[in-house]
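**Student:** Read off the chains here:
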Amino acid sequence: MPHDDRRYAAAAGVRVLDFGDEFVVFNPLSWDAHLLNTAAAAVLHLVAEAPRTEADLAAFLREVLRDEERDAADQHARQLLLELAQLGLVRSVEEGSGADR
Amino acid sequence: MLIAEVAPAQLRGELAACGVAIDCGAARVRVHSDVPELADLLRVVYRGYERSDAAGACDVAVRLRRARGLRRWVRAQVELLIDGSREMEPFPADTPLPLLEWGMNYALATRLNCHLLLHAGVVERNGRAVVLPAMPGAGKSTLTAALALGGFRLLSDEFGVVRFGDAHLLPLLRPVALKNESIDAIARLSPDAVIGPRFPKTHKGTVAHLAPAVEHVHARHTPAAPALIVFPRFVAAGGVEIQPLPRARAFARLAVNSFNYEIVGPDGFDALGRLVAASDCYELRYGDLTRAVQHIGRLLDAAAARG
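In the order they appear, the protein sequences are chains A and B. All the letters of the first sequence, read from the start, carry residue numbers 1 to 101 under my numbering. All the letters of the second sequence, read from the start, carry residue numbers 1001 to 1307 under my numbering.
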């Protein structure tokens, strides 16, 4: 499955609270709060640091996932990006210069 | 002079003329009324409040008045105007205090957006707040009243007022609305409690109001630091069961429970985050009020010991 080579960044105004096992994220579009697990929060943290490609995120997940899950890192990265984008928490940098933080 | 010390005729006259301002701590409410019975009711349930000058700035102005037209004579009603407009249906004329109190709740919940407002009872001890968020019918007011009569200071039975910036809890102190069986439960728990007259056949059943203790009224401008969040649920004939609640889950439930989270947005998110991060969070199922109060006292002591 070919990688999406666009770069993704966190939407401007996203805020993350770390409560240990779970994270709460403020959605700047809807003003909703979302609960995230550790993997989703880590991906959001990475794209908030700097724009990343799906391949960057898959490489990160390969490092942190258990041995039996590593083969699915590409799929996890794609799925997490899709879900975070659907919530409006990340967007591709190419969609708008404001997202490139 | 305290409201209880004002002669009934004088208070009636002031309510009908310029109105009376009630300083509840986080908000000041101007009450105006031509309903003659209201003065005597206020002298009981707001007995510990200073009668203050109605001319000063108020956050909300409510006017309770006898309904006009035929409703003045046939099944007489009272109606409430909030900042000049009628936003609630009239009530039967013999339930002026429940209408005033529910109307004030509605007015504050829809206007006081300078703070994050949770639907919660709040008490404190030694400067540390216990927040009791719950949906209607969960036993929040009953438990809040029992705590207020059991060594805790009452801040509110209805509003968790969270200050932006430091997430401290501000008092929004008003009488505690008790319903149905909880009226007798509180009267049995504390025979000295000052409870106003009972109003049967309201849409929530029989309602009566517990007057805040005078010392709690005096402290209505003293905030409390967040320490404990307990989601209560009354279970008839139950004992006391307590379960820790992960903070992220508590956050999500509080966001849903808030009156104005969606209005105050990022400020509310930050304040709620600080409140939850500084608090131990639990779910409590209780049927025994006395034991529930003891449990909450121990949980608060434990939270304080952890710093």
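Some clues are possibly wrong.
Derived Cβ-Cβ restraints for the label pairs, each shown as a range [stated by the list, open to error]:
(1) A:21 to B:1164: 24 to 34 Å
(2) A:37 to B:1262: 45 to 55 Å
(3) B:1239 to A:78: 25 to 35 Å
(4) B:1218 to A:21: 35 to 45 Å
Worth flagging that the hints you see were computed from the coordinates, not collected in a lab. All C-beta atoms, glycine included, are put in the ideal place defined by N, C-alpha and C.
**Student:** Note whether the CB distance of residue 37 of chain A and residue 1262 of chain B lies within 45 to 55 Å or breaks it.
**Tutor:** 24 Å, violated
**Student:** I want to verify a distance hint. Is the separation of the beta carbons of residue 21 of chain A and residue 1164 of chain B within 24 to 34 Å?
**Tutor:** 27 Å, holds
**Student:** Check the following: the C-beta atoms of residue 1218 of chain B and residue 21 of chain A are separated by a distance inside 35 to 45 Å.
**Tutor:** 43 Å, holds
**Student:** Is 25 to 35 Å a correct range for the gap between the Cβ atoms of residue 1239 of chain B and residue 78 of chain A?
**Tutor:** For residue 1239 of chain B and residue 78 of chain A the Cβ distance comes to about 50 Å; the hint is violated.
The structure shown violates the earlier hints numbered 2, 3.
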